[in-house]
Amino acid sequence: MIDTTGANPAALTAKNVKQRLGKRAKILAAIRHYFDQQQVLEVDTPLLSDYPVTDPQLDNIKVENPTVNYQSTSQPWLYLTTSPEYAMKQLLSLGSGSIYQISKSFRQDAPGPKHSIEFTLLEWYRVGFKITDLIDDVTALLMALMPSSLMANGVEILSYREAFLRHLSIDPFSLTTKQLEDFAHQNIDCDFTDQDKDIWLDLLMSHCIEPNLGHQAPCFLIDYPASQAALAKITHDEQGDLVAKRFELYIEGIELANGYEELTDHDQHIDRFEQDNQRRYELDLPTQAVDQHFLKALKSGLPECAGVALGVDRLLLLAVS
Amino acid sequence: MATYSTNEFKNGLKLIIDGDPCNIVENEVVKPGKGQAFNRVRLKNLKTGRAWEKTFKSGESVEAADVMDTDMEYLYCDGEFWYFMDPISYEQIPASLEAVADAKLFLKEQDSCVVTLWNGAPLTVSPPNFVELEVVETDPGLKGDTAQGGTKPATLSTGAVVRVPLFIDQGEVLKIDTRTGEYVSRA
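The listed protein sequences derive, respectively, from chains H and A.
Okay, so the first sequence: first residue is 4 according to the working numbering, each after it adds one.
Okay, so the second sequence: first residue is -6 according to the working numbering, each after it adds one.
Worth flagging that the hints you see were computed from the coordinates, not collected in a lab.
Heads up, the beta-carbon is just placed ideally off N, CA and C, and yes, glycines get one too.
Be aware that a few hints might be false.
In silico lysine to aspartate or glutamate, EDC-like type, Cα no more than 20 Å apart, as pairs [unchecked claim]:
(1) A/27 x H/199
(2) A/37 x H/192
(3) A/101 x A/84
(4) A/27 x H/241
(5) A/50 x H/277
Covered stretches of chain H, as calculated for chain A (at least 3 residues, CB under 8 Å) [claimed, not checked]:
(6) 186 to 193
(7) 204 to 215
(8) 250 to 264
Generate coordinates for the entire structure from the input sequences, incorporating the hints supplied.
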């Protein structure tokens, strides 16, 4: 993201430096105040990890490990974390209780108006929360941080299916991959083909739906297809389709946060990681070693919890504009 | 066949789309939440000038277009082709009416033009931003009217017709902005 919100000195000038830094500091203080009142503990986990992530859509930035020659156990590379998720879940498994963190994350994304390789993430976990409790929690935080004009209409909770019906008049669950592909080719100029249903859902979502979300009120998009669960729990919706207990928060077409009712079962995690690596193999991407520290934590038991990551730079952009 | 991957996409890159050479005008990476990334690209067809938006799946490969801008000297027209010369190799190449298009109205012998070559053949021709051309036909000049008043049409040596101030006479050499086709001043 082109930073206009005070994190990047290169984007500041003598004229706006105090104002921008002041606004950023004020929001960060308000976030800390909110969690302090909620008795959620601030933590500070390492940015360098021994393992990369398996998620096929994420790529770590890796750095040479300077200790490799001194310790026989060291690996040649260390990985800048794409989010503090694994480390924070290790803390949860040790019994930390609810925790939050404001930290830098790094992703090998193509830079663009909404993407930067380095960005500030607010990530938090609430022990004992269901996905609906977490949506209430995020809403309360928004109320505390955002200008009242943005929150005047409350928040909207919209299912993935409803979003497709509203904006494209199709049901993403009942259409086959082929039908979705044909529909996409009719509506978007593209030539590629793909056997993966999620590619077509992602294409339609990013091109035809996302830009329309969250204009009247912040919009929580819920009940994602189970294939897009990442590390969220899976359940059946009212129509009997398998959906993920996951939400994405959109404000004015911008994706601001991604939340899960967290998967806690060790064996199911192994299955998801294997699916990730299978997809990586199909995409000609390197398969990734699974984080052994994280697996160990899962084996010892992750408490039932819900967690969310929120882009602080985007939040600031919305809060000050 | 040379190709570009989407991670090499940037403004100005030339691609072959549906058989035609195209230029990337804008390249935006879009990514829904945690999903697949796409390159939403604004393209311009270099043959027709049409601009439109097309989406590629990140990681897709697209055929590269061998398109190059070259400075060349305009020589002459034989009625069918316009001939340009590479000032270094002295190689001469003919450009068709399709390639020269509206630029033909501003081509003056020995002027240096930018010829866009596709696989070695002229695709488009851009004359210099300003050219100096002689008026071959216009109504007689009105003496004394040097500052204000209307305009009149004048035909230039290349056949171009431009609006000029009333005081301009036949035989005068004028400076013309080729991008707008407008009179700038006396040369």
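Quiz item: Hint by hint, which ones does the structure fall short of?
Solution: When the structure is compared with the hints, numbers 4 and 5 turn out to be violated.
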